[in-house]
Amino acid sequence: MSKISVVPFGPQHPVLPEPIHLDLVIQDEKVLSAIPSIGFVHRGLESLVDKRDFKEMVLVAERICGICSFGHGMGYCEAVEKIMNITVPDRARFLRTMFQEMSRLHSHTMWLGLAADAFGYESLFMECWRIREKILDMLEMATGGRVIFSICDVGGLRKDVPDEMLAEFDRRFAALKSDYDHVTEIFLNDDAVKSRLCGVGVMTIQQANDLGCCGPFLRASGVRRDARMTNYEAYGELDFEPVTANEGDSYARCKVRIGEIYQSIDLIRQCIAKMPAGEVQAPVKGLPDGEYMMRIEQPRGEALYYVKANGTKNLTRFRVRTPTFANIPGLMEIMKGTEVADVATLILTIDPCISCTER
Amino acid sequence: MAKMSKSPWLLHYDASSCNGCDIEVLASTTPVYDLERFGIINTGNPKHADILLITGGVNYQNRPVVKQLFDQMPDPKVVVAAGICACDGGVFKDCYNILGGVDKVIPVDVYAPGCAVRPECLIDAVVKAIAILDEKRAQMSEQAKAERKQE
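Protein chains in written order, with this note's numbering: chain E, 20 to 378; chain D, 11 to 161.
Source of the hints: derived by calculation from the structure; they are not laboratory data. Among the hints, erroneous ones may be present.
[What the hints assert, rightly or not] Examples of chain D residues toward chain E, derived with CB under 7 Å:
hint: 1; residue: Thr40
hint: 2; residue: Pro41
hint: 3; residue: Gln71
It should be emphasised that the depicted structure is a prediction, and the values quoted were computed from it without experimental measurement. All C-beta atoms, glycine included, are put in the ideal place defined by N, C-alpha and C.
With the hints as extra help, turn the sequences into a complete structure.
Laid out in structure tokens, this is it:
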């Protein structure tokens, strides 16, 4: 056995997609423990409530993260709407659900690509990102934006999506399934991929619960918990069952995300089929006064939005708890005892979003 | 630009961006936009890179990292500020932990605005950066020639 040494990892590293710094305590090629330090993306976004009014804050909330941006805007809007007792029109609820699932779809596809890149399968990375562009094309058609599309607003949506376009989306999503079949087949059955994922970074159901993990990371350990079961927006009217797996290793996390990809396509098509007619924006009168805590399911897990208002146009407090923040203790746990070469893949399997975490 | 004089390599660093521009940077290297057709590779090693592509408004903890990455790159080098946050701080300009743009820390050659920056704009910026890279290289060799004459 060689001496114990500490290897700094990040914030800038060839295999690291996000700026996080880890001190890896290693002996030979084994990681004994990992000590995270964050703060490279902290912007102090929550403090902007002093300078922006509650409607402008929607745009700021969307920029918490560029990947799950729609969900952040929606979570914030929901909280403000609950404080102000605004009933969102049905069509807006369904469209929001659709956009949220489209965000999940592009986020998970992006994750598949990054995971392929992390274990060195570059052509698979390119293939996943090629598919992802098809979803971004649809988002661009409907909203004008590719990743941050600022369509959510307090009271509903800024603009409607015409029915003809929805019908076109339905056709495209039906066709998208065969594209996914092609790549997910490789992720689930290819020996080279399996050798990097199976049995690596196992998280037991006990650990997952104790450490308070969330999202696909938690569900891959066999816990059936998903904030979409609280039936916010239109989820209560859709046929929905959380995707889970029991193994708790990297392969299970990959499997859960792939399951969620197909589920998202299904949910989007359900939304389109059940889309009610009517307005998409409810009138917003007065100023918010009160507080509310909203929980929604983001692609990476459960996110909490706390909004406190005192009857002026500026809020008193806006607080976000994002899924990656809850998953970092779990990540440190699964890294213990793994090979140094697996560290990059393990960081990716929790689908980290450091800019969410630090805001 | 009639022909490429070199296939420059790219170093991308996320200096407190919201990830929106970062995924667009990655998206512009993948099949649909395909920045790699210019022979551009997204490398992780500053010592191999010619173009430094920075997203985000740079915060206090990131400042030394950005500075160090810039210093580690060999000359000639070009800096591209990708996204409005990297240009001047964007929506986060008033935040207490944002310096407000990459040019507060290192000299920037090309500004690519947008929230998030569009891949088309990014490709345009990188192609501009290649021209600037050529200029800088020409200047360097001129200088080297002049120095040799003096000796």
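Against the structure, the hints:
Look at threonine 40/D: its Cβ gets to within about 4 Å of chain E, closer than 7 Å, so that hint holds up. This hint holds: proline 41/D has a C-beta 4 Å from the nearest C-beta of chain E, less than the 7 Å allowed. Of the supplied interface hints, the one on glutamine 71/D holds, with its beta-carbon coming within about 5 Å of a beta-carbon of chain E, less than 7 Å.
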